[in-house]
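If you read the sequences in order, they're chains A and B. With our numbering applied, the first sequence corresponds to residues 1 to 316, in that order. With our numbering applied, the second sequence corresponds to residues 1 to 343, in that order.
What the hints contain is simulated information worked out from the structure, not anything from laboratory work. A virtual CB, placed ideally from N, CA and C, is assigned to each residue, including glycine. Warning: the hint list may mix true and false statements.
Unchecked claim - Here are a few chain B residues that sit away from chain A, every Cβ distance over 12 Å (derived from the structure): (1) D28; (2) T139; (3) K148.
What the hints assert, rightly or not - Capping the alpha-carbon separation at 25 Å, the derived lysine to aspartate or glutamate pairs in DMTMM-like fashion look like this: (4) K148(B) / D127(B); (5) K165(B) / E280(A); (6) K266(A) / E203(B).
Said to hold, decoys possible - Here are a few chain A residues that sit away from chain B, every Cβ distance over 10 Å (derived from the structure): (7) I39; (8) A79; (9) K90; (10) R234; (11) P299.
Given next are the chains, with one letter for each unit.
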Amino acid sequence: MMQTALELRNLSKTYHIRAGGGLFPAVNTLHAVRGVSLILPRNKILGLVGESGSGKSTTGLMALRLLEPTGGQILVGGADITGLDHKALKPFRRKMQVVFQDSYSALDPMMTLAQIVAEPLHIHGLGSAREQTDQALDWLVRVGLDRSYGSRYPHELSGGQRQRVAIARALILRPDVLVADEPTSALDVSVKAQIINLLQDLQAEMGLSILFISHDLSVVRSLTDSVAVMLAGRIVEQAPTEAIFADPQHIYTRSLLDAIPALNPKDRQRRSFISPAQIEAGTPRYSAAALGIPPSDVPGLVQVSPDHLVEAVVTP
Amino acid sequence: MTLPRPRRVALGAGTSQTPEIPLMRLLDIQNLTVSFSQHGGLVQAVRGMTLHIDQGESLGIIGESGSGKSVTCMAALRLLREPPARITADRMVLADVDVLKARGAELAQLRGKAAAMIFQDPMTAFDPSFTIGHQIVETILAHRSARKAEARSEALGLLARVEIKNPAAVLDSYPHQLSGGMLQRAMIAMALSCRPKILFADEPTTALDVTVQAQILQLIKDVQIEFGMGLVMVTHDLGVIAETVDRVLVMYGGRVMEQAPVQDLFDTPAHPYTVALLASIPGRTGGRRRLTEIPGASPNPANPPTGCPFHPRCPVAVARCSQDTPVLRSTAPGRDVACWRAE
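In isolation and in its complexed conformation, chain A is listed as follows:
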């Protein structure tokens, strides 16, 4: 039985947006995330992909309890943390850490790198001040910098180096789960590969479970074990990474894969683009008999093969 590091059950987030001014403006409801269920197995990397506005970052923030869900449950190592208050949540905070896209705004410009990396130890009261600094310097080495960086400040670093510091700070507490939200999107090509390799190495060494949020399907292909594709707040397909790339079932997944630029000029092609209406019309259909489940004309996630879920209509 595979152990679960993080589980999201039917998670949703709704925003109410005032439309227009006046004393009693109309209120529009925006469903940023609608009923997302995900399992991140221990020691695996799960990619969460989608375009801007698909709800992938919102899902990541809710998984960390950095954003309150409107509905659903969050389980960390089997324990439900959805309703926990600040104090009860603290031990779980140690188990879950995050790395964001923009390492510049994620690091306090007034703190040295040693202080930044040691801060989580300080917050959780682990070890003496000297031990904390020592560990922080060790972590700087571990992410490919050296101890002399401890006295430097964030502005002295390149984007790739800052992302290494953010990773060191996230991992110094030895969390079980790391949520990485577009950690390589702001980096140059040559540096991007360095950070991806660093994440791979640390994941393997520490037995980390990573929720890797990205719009970059090429990176996702090289890094993840499985992929969930989000569209308009829902998961429309989820499968082992190679199954997604080799045998995409949902029309939207196929359109995402088709849009990846050619990796060789000779593969250039004139592309056809699909509209949201076409995506809606192209919802996959499976027969109830073939899947052995009752029919449903409302699209929902169905299991089309072991480990492969697709949002589909099940015809009688």
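Starting from the known structure of chain A, arrange chain B on it as the hints suggest.
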């Protein structure tokens, strides 16, 4: 309303008065240097750059941040404030205009009519306090004599051409009301409004979603051919290069490392930097794997290394590479490389 058809250019034949030179040279830059004085020091953004582009041709400039690729384009249009920028070149001619000598009206001619530019972030490139229509009409009126109504109907036609479905509504929209993809289309329409001979596109799709990126790249390719423009595509993304251009310049540390036809560059990269860059692309093969990384970091333009700028990260560097700067030399027709080790 129909848009006045742009003059179609038959590539390679009869477009010039002098049959010996079949294609017009649109841009010719020789030994361009751009530096900025900053905090008493000198930041050398471009350190001896040579490039040319002919009518109807598309050139990709690939490089990482700080390689000097954007600054080169800005210098070609004299969009850099001087000082702090200091621009020198043995020759810099854009559509028969000597760029470094251009003043006043000539400069205005250069920007818009000779060349137009689209940027990475369309949200900041448009003025937030005026409608899209106002800004396109203003551009048209600034460059030629037309009545306002004519300019407006031309703007409408251009928005339709860049595949905006409801051009009239977009014309009356403010930038914040449109998506990034829509704004980038409007920006392309604005760039086309003066019928430029050459279009500079500086990371035009970096801020966009992957499906929108594919559409915008297709659109840029289509209008380039339709309007017979030269295209300079500046990007850090080898995928964008593979999709869009005929010829590629690889920049690193303010210098050209390699120049080649696009297929040759991908098939037989000559410079160790190009080789490493191609090897580091993720997602070429299936399955989780470590990527080939380029160790180290890009050179600091305020204090560039001596010799070849890539030598500190180069796997095949020898002693000479850290002392003598390799010059760009031709290795085959249409191929140049600046490396002591490349054949």
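Hint-by-hint comparison with the structure:
| no. | hint | in the structure |
| --- | --- | --- |
| 1 | D28 | 25 Å, holds |
| 2 | T139 | 28 Å, holds |
| 3 | K148 | 32 Å, holds |
| 4 | K148(B) / D127(B) | 20 Å, holds |
| 5 | K165(B) / E280(A) | 19 Å, holds |
| 6 | K266(A) / E203(B) | 22 Å, holds |
| 7 | I39 | 18 Å, holds |
| 8 | A79 | 29 Å, holds |
| 9 | K90 | 34 Å, holds |
| 10 | R234 | 17 Å, holds |
| 11 | P299 | 20 Å, holds |
Figure legend: structure checked against the earlier numbered hints; every hint is met.
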